[in-house]
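Each chain, written out:
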Amino acid sequence: MKLSIGPIQYYWPMELVQDFYHQAKDWPVDIVYLGEVVCSKRRDLRLIDWLTIADTLVDAGKEVIISSLALIEAESELLALERICNNGDFKVEANDMAAVRLINARPFVAGPHLNIYNTSTLKLLQENGAVRWVMPMELSAHSLAELQKGRPAGLETEVFAYGRMPLSFSARCFTARAHNLPKDNCELRCRDYPEGMPLDTQEGEELFVINGIQMQSASPVNLLAEVGQMAQMQVDVLRLSPQAKGMAEVVEAFDAARNGQKISDSTVSWQTNSEWCNGYWYGDAGMVKLPKPSEF
Amino acid sequence: MSELKNRMDLVCPAGSLPALKAAVDAGADAVYLGFRDATNARNFPGLNFDADEIRVAMDYAHVKGCRVLLALNTFPQTEQWSTWQRAVDQAADLGVDAVIMADLGLLRYARRHHPELRLHLSVQGSATNRHSIAFYHEEFNIQQVVIPRVLSLSQIRRVVENSPVDVEVFGFGSLCIMVEGRCALSSYVTGESPNTCGVCSPAKAVRWEETPQGRQSRLNGVLIDRYQAHEAAGYPTLCKGRFSVNDNVFYAMEEPTSLNILDILPELMKMGVAAVKVEGRQRSPAYVGQVTRVMRAALDACYQDPQHYQPAPDWLASLDKLSEGQSHTLGALHRPWQ
Numbered sequence: 473m474k475l476s477i478g479p480i481q482y483y484w485p486m487e488l489v490q491d492f493y494h495q496a497k498d499w500p501v502d503i504v505y506l507g508e509v510v511c512s513k514r515r516d517l518r519l520i521d522w523l524t525i526a527d528t529l530v531d532a533g534k535e536v537i538i539s540s541l542a543l544i545e546a547e548s549e550l551l552a553l554e555r556i557c558n559n560g561d562f563k564v565e566a567n568d569m570a571a572v573r574l575i576n577a578r579p580f581v582a583g584p585h586l587n588i589y590n591t592s593t594l595k596l597l598q599e600n601g602a603v604r605w606v607m608p609m610e611l612s613a614h615s616l617a618e619l620q621k622g623r624p625a626g627l628e629t630e631v632f633a634y635g636r637m638p639l640s641f642s643a644r645c646f647t648a649r650a651h652n653l654p655k656d657n658c659e660l661r662c663r664d665y666p667e668g669m670p671l672d673t674q675e676g677e678e679l680f681v682i683n684g685i686q687m688q689s690a691s692p693v694n695l696l697a698e699v700g701q702m703a704q705m706q707v708d709v710l711r712l713s714p715q716a717k718g719m720a721e722v723v724e725a726f727d728a729a730r731n732g733q734k735i736s737d738s739t740v741s742w743q744t745n746s747e748w749c750n751g752y753w754y755g756d757a758g759m760v761k762l763p764k765p766s767e768f
Numbered sequence: 212m213s214e215l216k217n218r219m220d221l222v223c224p225a226g227s228l229p230a231l232k233a234a235v236d237a238g239a240d241a242v243y244l245g246f247r248d249a250t251n252a253r254n255f256p257g258l259n260f261d262a263d264e265i266r267v268a269m270d271y272a273h274v275k276g277c278r279v280l281l282a283l284n285t286f287p288q289t290e291q292w293s294t295w296q297r298a299v300d301q302a303a304d305l306g307v308d309a310v311i312m313a314d315l316g317l318l319r320y321a322r323r324h325h326p327e328l329r330l331h332l333s334v335q336g337s338a339t340n341r342h343s344i345a346f347y348h349e350e351f352n353i354q355q356v357v358i359p360r361v362l363s364l365s366q367i368r369r370v371v372e373n374s375p376v377d378v379e380v381f382g383f384g385s386l387c388i389m390v391e392g393r394c395a396l397s398s399y400v401t402g403e404s405p406n407t408c409g410v411c412s413p414a415k416a417v418r419w420e421e422t423p424q425g426r427q428s429r430l431n432g433v434l435i436d437r438y439q440a441h442e443a444a445g446y447p448t449l450c451k452g453r454f455s456v457n458d459n460v461f462y463a464m465e466e467p468t469s470l471n472i473l474d475i476l477p478e479l480m481k482m483g484v485a486a487v488k489v490e491g492r493q494r495s496p497a498y499v500g501q502v503t504r505v506m507r508a509a510l511d512a513c514y515q516d517p518q519h520y521q522p523a524p525d526w527l528a529s530l531d532k533l534s535e536g537q538s539h540t541l542g543a544l545h546r547p548w549q
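Protein chains in written order, with my numbering: chain A, 473 to 768; chain B, 212 to 549.
Errors might be hidden in some of the hints.
Reference excerpt, derived from the structure (chain B facing chain A, CB under 10 Å, subset only) [claimed, not checked]:
{"hint": "1", "residue": "S343"}
{"hint": "2", "residue": "S385"}
{"hint": "3", "residue": "M389"}
{"hint": "4", "residue": "V390"}
{"hint": "5", "residue": "P423"}
{"hint": "6", "residue": "S455"}
{"hint": "7", "residue": "N459"}
These are computed hints drawn from the structure, not numbers from a lab.
Just so it is clear, CB atoms sit at the ideal spot from N, CA and C, and this is done for glycine as well.
So here's chain A without its partners, still in its complex pose (with noise of 0.2 Å):
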């Protein structure tokens, strides 16, 4: 199996961008996410700086898809769009069907965010270019499963694997609202939360985490139990999303289980000592933490 790091979900200034992807280089990671995901707005990088980013990971011999975004309503947003599809040098991952079209049919990965739930809309996506298709966040390994059996030849399906999950998108912006600013005065606040605002219910829940127009679970998913039965399988991509402290642990952690190899005492310690949840894998309420069940 091959690891993924995904696109950066939050804003981060252009240093922190730089240095997340210097130590990705060393990452026994495959393919790398680059680009903005969320909000237009955050413009710190731009498609040349991506690019150029990109370059310096494939020399180190990762695979580099550049992503897109979620929500795409104005005209200078598919003007964007546009460039990133016409690249010329580097696959695109479409999380609107506006990419989908400006894709044209050359090959391209088919995001989280397409709603694909059946083997229709996955030969559908294929037949269009998809090379490539990450599930959606909300199936369980038993749909999985299901699609697996229909999936057509020589199209990869990726598992979101580990990190706080995006889960919805607004026209609004969440963050902005927090600090009492219009949206279109936003003060890019949402760069001041490099891993996104805790959202707690009145009794001290850890329930979501603002992060701009999107809302993601409080809880990472993570499926690092869950690698040897996505091997059984046949997933060939686990995701993991990055997050700005401990992403090298996380990695390291994915990449001993796909090797098949025991898991450290750090990283026994990095599970122990933090929620997170694997609740939609198992076809239940996606927060549920479950312990690891001999089938599913």
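With the hints as your guide, set chain B onto chain A.
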């Protein structure tokens, strides 16, 4: 464009036969309904229709010149595919005036097997821009698109100008603030979402409790809101709860309020919007009748004299009474920026 006078269709919800009759009698141009299962996004207990009831509904509506649209707008999973496929076949057999769909695979099935069936792209299809709409038009020959409640007025204008198909917008009712078709908040907490099960914040996961701190609403155990004695309690939809962010407790996503576009009807008409949709298949026949009556009056007044159109105070008052939180908003439509 400013001279354009187009008659916008009023599309109203029908969760039951009495609601359908109320909408038809009050002047709806079209009603939309669903089968009594997870093939539609209002899969609530006690709602919706079987095939025989749809026949009765169609007879009633067609006599009065009202079209009947069938919502098959959830995303079938592989195992249950045959249920959705059968629903498309049934829709074609029944001869409904259009089917409202979102799933790519199902749209392809309908296009290939029932080319005569008129297809509308559901709001669950998340089409927020001209390229996305063009994709569905080219691939499936959709004839109408319902656009998500996230676009500003000027963005809707751009979409209408560049859309190869008719554009339908939401006009009144509960307000999804997330892009429809791309929201998994409900399944994260309850295991069921609009996409997978046709429900958001399902009733079976709701629990009310009286406590010394006030009345509390929970969704699968998660505290959504806590009400003081003087506060009206609303349905615990996740995006409309009060939560704590940076130590402030507030409606962190959205207040419980309804969408109401009466104020901007002339603009929508001039833009060339083809249809205005009322949300609420889960609502009572009395609600549906009242909202349809007001919207009918407003659309007629706007069509007859757009220059001097103004929402009548009693329209707004009667709609506010029916609204979530007894208040209304233009939602994303009033955003001044692009």
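Check: Which of the numbered hints are not met once you compare them with the structure shown?
Finding: 2, 5
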